[in-house]
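If you read the sequences in order, they're chains D and S.
Going by my numbering, the first residue of the first sequence is number -12, and it counts up by one from there.
Going by my numbering, the first residue of the second sequence is number -18, and it counts up by one from there.
Heads up, some of the hints might be wrong.
Simulated pairs of lysine to any residue, SDA-like, Cα-Cα distance not exceeding 20 Å [as the list claims (entries may be wrong)]:
1) S/Lys(-17) - D/Trp69
2) S/Lys63 - D/Pro32
3) S/Lys11 - D/Gly72
4) S/Lys6 - S/Lys63
5) S/Lys28 - D/Glu106
6) S/Lys11 - D/Ser70
7) S/Lys(-17) - D/Cys89
8) S/Lys63 - S/Asn18
9) S/Lys(-1) - D/Gly88
10) D/Lys105 - S/Ala104
11) S/Lys63 - S/Gln45
12) D/Lys105 - D/Trp410
13) S/Lys(-1) - D/Arg82
14) S/Lys(-1) - D/Cys89
15) S/Lys28 - D/Lys141
16) D/Lys141 - D/Glu106
17) S/Lys(-1) - S/Val35
18) S/Lys28 - D/Arg86
19) S/Lys28 - D/Arg117
20) S/Lys(-17) - S/Ala104
These aren't lab readings, by the way, just hints derived from the structure by calculation.
All of these numbers come straight from a predicted model, not from anything done at the bench.
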Amino acid sequence: MMEEAASQLEREHVHSVYDKIAPHFNDSRYKAWPKVRQFLLDLQPGSIVADIGCGNGKYLHINQEVFKLGCDVCRPLVDAAWSQGHEVQMCDGLRLPYRDGCFDAMLSIAVIHHLSTKERRIRAIREMARTLRVGGRIMIYVWAMEQKRRKFEKQDIFVPWNPNPQGPVKSRRRATAQSVSEAIDNADKHRKVRSTSSVADEEDLTSATPQHRTQRLWFFSRSLDSVFDFGSLTLSRSSSRELSTLSSPTGESEGTKATQRGRGRGLIKQVSSFFYPASVLGSEEDVFDPVTDLHKAPHDRGGNYNNNAAGSEGPDNQSVSLSLAQECGSLALPDLVPFQRGHLKQSVDVGEGGPAGKERQESTQSPQGSEGQLEGSCLRYYHVFREGELAALIENHVEELHVTHTYFDHANWCVVAEKVQLWKI
Amino acid sequence: MKLLTHNMLTSHVKGVTKGYPLLIKATEVKVNEVEFNPQFVSRMIPKLEWSALVQAAEGLGHRQDLPAELVSEYEKDEEFLKKVHRALLEVEVIEGCLQCPESGREFPISRGIPNMLLSEEEA
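Whole structure, please, built from the sequences with the hints as guidance.
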């Protein structure tokens, strides 16, 4: 039951999103993280390495002395990697099609944060450990809850993907971006670097100046783990229908079936729809609790998403809800942040700092046209990790892996672990 | 899909215990020229399931008298290493499928990419 909920959530808000946005990944705004590159370069010649969740294969060209293969669930991305000459397969991280202990090293870069339950994240790590040889090393990167200037309030979030990251950026900043890009370009002749995309995103993330009010919307959800703990299966049908505006509509009638499957699907819609823009919530407020609020709200809903969406007062609810249906926010994702952050901090003059609350901008734009199709379907699910969470997950649940390094890198928590021989008495 | 990759792949259908090696049924095979690096090949050999490589190469008609058993002291045998290099890295299955030896389940290979995704029931 939980399994099905989890895999459906991931199908809708990870797999199908990547399928849609895959063509854009071949923009060079997605660069290889230097520490990952170094991990690969440090490998013994003749090593066999697997990149699990390789995407378009951006790490697969590094180090000609080792044999690399990659895999991913996203066909368009895997095709792109193959066309670059890499050995790649389609597969799911929860069931790797490789024999035990055949790899000398592995990468899992920005992958397992897309798994929607703790149990699945553990399974994914265990699968990778299985295919690693004793003494082999794995490097795992996941998005961190604690970002440089603010912290996500919750760990389970939906983030819109921005197809056009070059938002309102001043020309001064653009100039700065160019010099950073040139520096990157010189360092890495293999890749063409696009000028401003990644830098623009970095600024969107940090700037809070009123004149450059950009949309930084992201949506919180209850973690699937907690939804099931709270017995939220009893949530009403009508709410599930109404709240499903932003998930892809299907023909099924939620909750009318007596079967578990029907209830499960209804719950999925509720879970994936239970996200609200931070601005609706106010500054430091916790995620809107769907269970309690449904009890509060009046029963004649009239099928209007906006009215009962937040359950709280405020005329800006409607415009916010609608505009969040319109916008793919310009939130910078970790893989968009350029690695020469030091340069940026010096040369870019932005209104930084301030409490986390200030950084959440209210949407002031009115709805722009047809509702919710592209944008709703461009929301990616993430479980962002707290400090120490990834290492603890491995230490407590994957006995064949021993953590050797942990660090923070560009908005990611990173772990390097080694496969150890287990001796059973 | 190159044969070096094939050497790592196994069937992971639920319940299957003898899912390796996968049987290759190829409808399109290419042979490319790949730069020969003897040290690289030499280092790969101990990591291989040797008989699976020979079986796969034979099935594709590209065995080129690779021995059934590994010879000792192959590190210096350049002729041998060249043959291994060809089998591992130059022969490529573009279209076809990989068949699980136990369940018979076929995993398609298209445009050079094996699709090892399982359905809900198989996983």
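Status of the hints after comparison with the structure:
1. At roughly 12 Å between alpha-carbon atoms, S/Lys(-17) and D/Trp69 fall within 20 Å of each other, so this suggested pair holds.
2. A hinted pair counts as satisfied when its Cα atoms are at most 20 Å apart, and S/Lys63 with D/Pro32 qualifies at roughly 18 Å.
3. Simply put, S/Lys11 and D/Gly72 have alpha-carbon atoms about 14 Å apart, close enough for the 20 Å limit, and the pair holds.
4. For a cut-off of 20 Å, the pair hint linking S/Lys6 to S/Lys63 is broken: about 25 Å separates their Cα positions.
5. Between S/Lys28 and D/Glu106, the direct Cα distance comes to roughly 32 Å. Violation of the 20 Å bound is thereby established for this hinted pair.
6. Distance check on the hinted pair: S/Lys11 and D/Ser70 sit about 15 Å apart at the alpha-carbon level, within 20 Å; holds.
7. With a CA separation close to 16 Å, the supplied pair S/Lys(-17) and D/Cys89 stays within the 20 Å bound.
8. For the proposed pair S/Lys63 and S/Asn18, the alpha carbon gap of about 9 Å is at most 20 Å, so the pair holds.
9. Simply put, S/Lys(-1) and D/Gly88 have alpha-carbon atoms about 16 Å apart, close enough for the 20 Å limit, and the pair holds.
10. Of the pairs offered as hints, the one joining D/Lys105 and S/Ala104 holds, with about 18 Å between alpha carbons and a cut-off of 20 Å not exceeded.
11. A threshold of 20 Å between alpha carbons decides the hint, and for S/Lys63 with S/Gln45 the separation of about 11 Å falls inside it, so the pair holds.
12. Restraint check for D/Lys105 and D/Trp410: not satisfied, since their Cα atoms lie roughly 26 Å apart, outside the 20 Å limit.
13. Distance restraint check for S/Lys(-1) and D/Arg82: the Cα-Cα separation of roughly 16 Å lies within the 20 Å cut-off, and the hinted pair is therefore satisfied.
14. A threshold of 20 Å between alpha carbons decides the hint, and for S/Lys(-1) with D/Cys89 the separation of about 16 Å falls inside it, so the pair holds.
15. Between S/Lys28 and D/Lys141 the CA atoms are separated by roughly 44 Å; this puts the pair beyond 20 Å, and the hint is violated.
16. Taking the CA atoms of D/Lys141 and D/Glu106, the gap is about 18 Å. The hint holds against a cut of 20 Å.
17. Simply put, S/Lys(-1) and S/Val35 have alpha-carbon atoms about 18 Å apart, close enough for the 20 Å limit, and the pair holds.
18. At most 20 Å may separate the alpha-carbon atoms for a hinted pair to count; S/Lys28 and D/Arg86 meet this at roughly 12 Å.
19. Pair hint S/Lys28 plus D/Arg117 holds up; C-alpha atoms about 16 Å apart against a cutoff of 20 Å.
20. A C-alpha spacing of about 25 Å is found between S/Lys(-17) and S/Ala104, which places the hinted pair above 20 Å, so the restraint is violated.
Hint violations for this structure: numbers 4, 5, 12, 15, 20, all remaining hints satisfied.
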